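Participant: Take a look at the letters that make up each chain.
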Amino acid sequence: NAGVMQNPRHLVRRRGQEARLRCSPMKGHSHVYWYRQLPEEGLKFMVYLQKENIIDESGMPKERFSAEFPKEGPSILRIQQVVRGDSAAYFCASSPTLGQNTEAFFGQGTRLTVV
Amino acid sequence: AQRVTQPEKLLSVFKGAPVELKCNYSYSGSPELFWYVQYSRQRLQLLLRHISRESIKGFTADLNKGETSFHLKKPFAQEEDSAMYYCALKVPGAQKLVFGQGTRLTINP
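Chain order of the listed sequences is A and B.
Per this note's numbering, the first sequence starts with residue 95, numbered consecutively.
Per this note's numbering, the second sequence starts with residue 33, numbered consecutively.
For reference, chain B alone in the conformation it holds in the complex (with noise of 0.2 Å):
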């Protein structure tokens, strides 16, 4: 069965710092991997996706099918990126999203 790991629940870093939100999953082909993001108080919504190859509010992410991960990157936080963040993964044919559990990031003044 596919599964998308996200090992770290809560990720702390200082405004201007770097931020990196791991994220890997387990399946032997070729799926499409997505970034959600939920702000306070906010739905959840889709930040990005793999196959976009776009960079949304500064957040990038790269497919590595090599070590099967697929990391969110962003050079500077702000703290308006303070949310959490689900990665999810569809299989090709298949219309459901499989999540990771969340990573929960909070940018500091």
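Excised from the complex, chain A in its bound form (with noise of 0.2 Å):
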């Protein structure tokens, strides 16, 4: 099992660019979470979904963000726009099931610059 694969590493972006961030869960894991990092501070929750469906968004912005976990393929946290302050390090965390003793692994994240 690869763990959770994320891609690109790296992602350059103009202001008033789109930026396409990916996350392929850990095989068999149906639970997707979003967190953001900005730069000197702890990750903050943005979205949590299950396949098909937003389950809390209540971190996201309310706007130019977008998130979804298609029923085939890797989740995508979609940023439209993006502007100086969306530069932060973005990491995907996948868990099987829910439940006291369930464990989210994360994977290595992607770098947004915008430049």
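None of these hints come from the bench; they were simulated from the model.
It should be emphasised that the depicted structure is a prediction, and the values quoted were computed from it without experimental measurement.
For every residue, glycine included, the Cβ atom is placed at its ideal position computed from N, Cα and C.
Misleading hints may appear alongside valid ones.
To be verified - If you want a taste of the chain A side facing chain B, the calculated C-beta under 7 Å gives, among others: (1) Gly-136; (2) Leu-137; (3) Phe-139; (4) Glu-146; (5) Phe-159; (6) Glu-162; (7) Phe-200; (8) Gln-202.
Take the two lone chains and join them into the complex the hints point to.
Facilitator: In structure tokens, the structure reads:
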């Protein structure tokens, strides 16, 4: 099992462009979580998805950000019209089921730089 | 809202010395508490959780509900313990983790 795979590892976008971040969960995992880490800060929850459903998007900015986890393929975090403040590390995590002992496994992250 | 505070951004100790990484949280109920570690160039990984009550790599952490703390301790630090450590909280019934800002631990030879 290769673990949670995120790509690209590094992404540079000019202001106003779109950024697409991909996350392939571990095999057998149907729950995906996205977190953002701004410079000098801890990880902040953005969104929790199950296959084809958004369960909790309480941490998502109201505009320009969207996430999906289709039936087939990776989860996608999309940021439209990027601004400098979107520069951050974006981490994806996955877990197999829910429950008290469920562990979330993290990917290596995508570092987005907006120039 | 729930909050996790790690007061030390940087912590440096000598090899063989005791280590304590502080973590305080604010939540009125009974949360799940975790410590995650990120070694250089590696992904974030779970180190331990309070419900397991186990020692991993010599580290232990005790949940103190009275002080709302979950400090991470190790009696004798090793150079390979150098890493970024994050304390995290999960509210019962919710799936998201609330992270502290992290503490960068450096073990000097």
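Participant: Hold the hint about A/Leu-137 up to the distance rule: shortest CB distance to chain B must be less than 7 Å.
Facilitator: Since chain B brings a Cβ to about 4 Å from A/Leu-137, closer than 7 Å, the hint holds.
Participant: Taking 7 Å as the limit, does the beta-carbon of A/Gln-202 come near enough to a beta-carbon in chain B?
Facilitator: holds (5 Å)
Participant: Would the hint on A/Phe-139 be counted as holding, given a Cβ-Cβ threshold of 7 Å to chain B?
Facilitator: Since chain B brings a Cβ to about 4 Å from A/Phe-139, closer than 7 Å, the hint holds.
Participant: Do the numbers back the hint for A/Phe-159, that is, is its least Cβ distance to chain B under 7 Å?
Facilitator: This hint is violated: A/Phe-159 lies away from chain B, its Cβ roughly 16 Å from the closest one there, beyond 7 Å.
Participant: Hey, does the A/Glu-162 contact hint survive, CB to chain B under 7 Å?
Facilitator: Because about 18 Å separates A/Glu-162 from the closest Cβ in chain B, which is outside the 7 Å limit, the hint is violated.
Participant: Measuring from the C-beta of A/Glu-146 to each C-beta in chain B, is the shortest one below 7 Å?
Facilitator: violated (17 Å)
Participant: Is the interface hint satisfied for A/Phe-200? The criterion is a beta-carbon contact with chain B at less than 7 Å.
Facilitator: A/Phe-200 check passes; min Cβ-Cβ to chain B is 4 Å, inside 7 Å.
Participant: If you take the shortest Cβ to Cβ gap from A/Gly-136 to chain B, is it below 7 Å?
Facilitator: Holds, because the Cβ-Cβ distance from A/Gly-136 to chain B comes to roughly 4 Å (cut-off 7 Å).
Checked against the numbered hints given earlier, the structure breaks hints 4, 5, 6 and satisfies all the rest.
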